[in-house]
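On the provided structure of chain A, position chain B as indicated by the hints.
Below, each chain spelled out in residue letters.
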Amino acid sequence: MPRQIDRFIGMKASSRLIEATRQSLTGTQESRTLEGIPVVTSFTRSERSGWSVAVGIPKEELNQELWHSLWNAVGITALLLTAGFGAAWYIARRVSGSIAELGKPALALGQGREVTVPRLYFKEADELGQALTTASTMLQESTAAARAWQARLRAILESAMDAIVVVDDEGTVVLFNSAAVSLFGWPLEESLGRPLTQFIPERQLVLDPGDPAPICIQYLRTQDDKPVFGLKRSGEEFPIETAVSEIVEGDRRIFTVILRDITARLKVQQALERSNTDLLQFAYVASHDLKGPLRSINGFARLLEISYAPQLDARGSDLIHRITKAATRLEQLTNDLLELARVDSDGPAFSLVPMQDVIEEVRQLLDGPIKASEANLSVGILPTILGSQTQLVHVFLNLLTNALKYRSARPLTVHIAAERQGSYWVFRVTDNGIGIDSSDFERIFDVFSRLHNSQQYEGTGIDLALCRKIVERHGGKIWVESVLGAGSTFNVSLPASEDIPMLKDLSLP
Amino acid sequence: MNILLVDDQEDQAMLVKAAFEVARIEAVINYVSGGVECLAYLRKELDYSAVRTPDLILLDLNMPQMNGFQVLEHLAADFQLKHIPVVVLTTSTNPTDVRKCYSLGCNSYISKPFDFDELAKAMGLMYRYWFHLAALPSPQ
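Going line by line, the protein sequences match chains A and B. Under our numbering, the letters of the first sequence match residues 1 to 509, in that order. Under our numbering, the letters of the second sequence match residues 1 to 140, in that order.
One chain only, chain A, in its complex shape:
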């Protein structure tokens, strides 16, 4: 319905409006139009002219617009909320899904299974997933390595020549390798879980209550000089050699025992000892029982020569001479052999021996030959060592005799000196004789090894073997350095006496 606004011209505004314009220059107020329509009126009054302008908007229209805006706002908000919730729910689903996705592989990883986690939507979860995959690969690799190593260990254990038994701290068998099975004759399944004492002769077991180790370990560990025995299923006892090691695992201990049957070795050892005794016996027999007839041959031959000199022609004398010479040489050999056999068994006791005295004694003994060969013998400062003077004189007498014997065409010089090397003194006898080929450096110290025929040089060939035996009895070594044609140096190393604990004790004030 068109409004006929012309009819309001000239009409007075409502008194409320007029009142408001009088009170303030601008303002808003609810009022009614002249038609009686409720409106919201804004007015402003010019101060210069005093005119006021008021514009009214019907309340109904204004409210309608407001509600409209409100509904719009509510609608949009609701829409946005719904979308937000939706989005949040979706994202939450994806996140929890990712995490749930990680749960399974993590469990599998724990169970040692191989795990491959697919790419995941959520970055952190994805990173975690990839880390799980890597961890799984690494775990698989190390598990495989451990398994391979375990298999290798098992193979070693099973192929070991020695019986290997592991017992817990109660002495109960927890591991028994195949060598142990064949050594003791008990099958594996009957050995595991049994006490190790089952494999040891009962009468051998004496418990030391002060020792925390199980009795079987106590027994197997004591191996000073006492032989240790094992017990087979058949009841047979046999000598064993053992090595026991203890492993501490947390609060419990396990013991690894390696056992070896030494029956065969003991037999060989006994045979060797017997053969050594026999050899010694032989040496004595050789020295005494052979020497008797030998003396007779020698003596009678010489007696023949003396008593029948007028009847003997040159040839007869020569033959007799050869008999006595051969007998003398045989005598020398038997003496040397006897001495060699006696070095260890009947060797004289040790005392402090000034080596200067030893060399002086040797020099006096060889006074004749040294003068005869016009040898120039020089001796350095020599220490005192612990040993047998008689035997040491023997060694250096032999070395010096050799130097005199194997001299070259040059004037012979022999120098004897000592040098400290660690806990040893090394004595050197250096000559400028014919020298020794390097291939003979070892051989010359063997029994009956003579490099030269007996016409050229005298000697039985036992001398250096005897020297070596004496030096070894003294805890030292003997060796030669030589240049063929230039000379030889015989080295004798002997323990320095101040390093011998017993002597240290003696030297205390």
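For the record, the hints were derived by calculation from the structure and aren't laboratory data. Nothing here was measured: the structure is a model prediction, and the numbers come from that model. Every residue, glycine too, gets a C-beta built ideally from N, C-alpha and C. There could be a bad hint or two in this list.
Below, in silico cross-link-like pairs of lysine to any residue (SDA-like), each with a Cα-Cα straight-line distance of 20 Å or less [said to hold, decoys possible]:
(1) K121/B x H132/B
(2) K121/B x F300/A
(3) K291/A x H132/B
For each label pair, taking beta carbons as the anchor points, the in silico distance ranges come out as [what the hints assert, rightly or not]:
(4) S275/A x N2/B: 21 to 29 Å
(5) E360/A x D78/B: 28 to 36 Å
(6) R410/A x V98/B: 20 to 28 Å
(7) D357/A x N94/B: 21 to 29 Å
(8) T96/B x E360/A: 20 to 28 Å
(9) D78/B x E241/A: 52 to 60 Å
(10) Y308/A x N2/B: 28 to 36 Å
(11) M161/A x T96/B: 43 to 51 Å
Using the frame of chain A, we list chain B on its own:
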């Protein structure tokens, strides 16, 4: 000059006797082949009732049945025989044997030289010492 030679090996005894001859020593050398015989001889038992007590005994060590050490022990324990000088004449050069013999009462110890000429020389020296230089107990 009466010497009793005790040696189980006849050859050796023969050589010792020959050594005396070569050394031009005129001594009466009687020979027994073992320790048991030696004691019987000295005690004038068995076949030895008519023998003369020797001035000196030359005693070998290594003998079967009764060895030289045992002979020395028996002599030392027998007051009728302990005054007779005993010279041990043996092939042994073992220092233990030497010491043992002196502690058992022997009067000297000679290691028998292997060389016959040396043996003759040694016997000559020994004889001259005991019969020309040293004083011997007179027979009772």
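The hints, checked one at a time:
1. K121/B x H132/B: With a Cα-Cα distance of about 16 Å, the restraint between K121/B and H132/B holds, given a limit of 20 Å.
2. K121/B x F300/A: Cα-Cα ~16 Å, so holds.
3. K291/A x H132/B: Violated, at roughly 33 Å.
4. S275/A x N2/B: 21 to 29 Å: For N2/B against S275/A, whose Cβ atoms are near 49 Å apart, the range 21 to 29 Å is violated.
5. E360/A x D78/B: 28 to 36 Å: At 46 Å between Cβs, range violated.
6. R410/A x V98/B: 20 to 28 Å: violated (43 Å)
7. D357/A x N94/B: 21 to 29 Å: holds (23 Å)
8. T96/B x E360/A: 20 to 28 Å: Roughly 26 Å apart at Cβ, these two residues keep to the hinted range, so it holds.
9. D78/B x E241/A: 52 to 60 Å: holds (57 Å)
10. Y308/A x N2/B: 28 to 36 Å: Given range 28 to 36 Å: holds, Cβ gap about 30 Å.
11. M161/A x T96/B: 43 to 51 Å: holds (47 Å)
Consistency note: the structure conflicts with the earlier hints numbered 3, 4, 5, 6.
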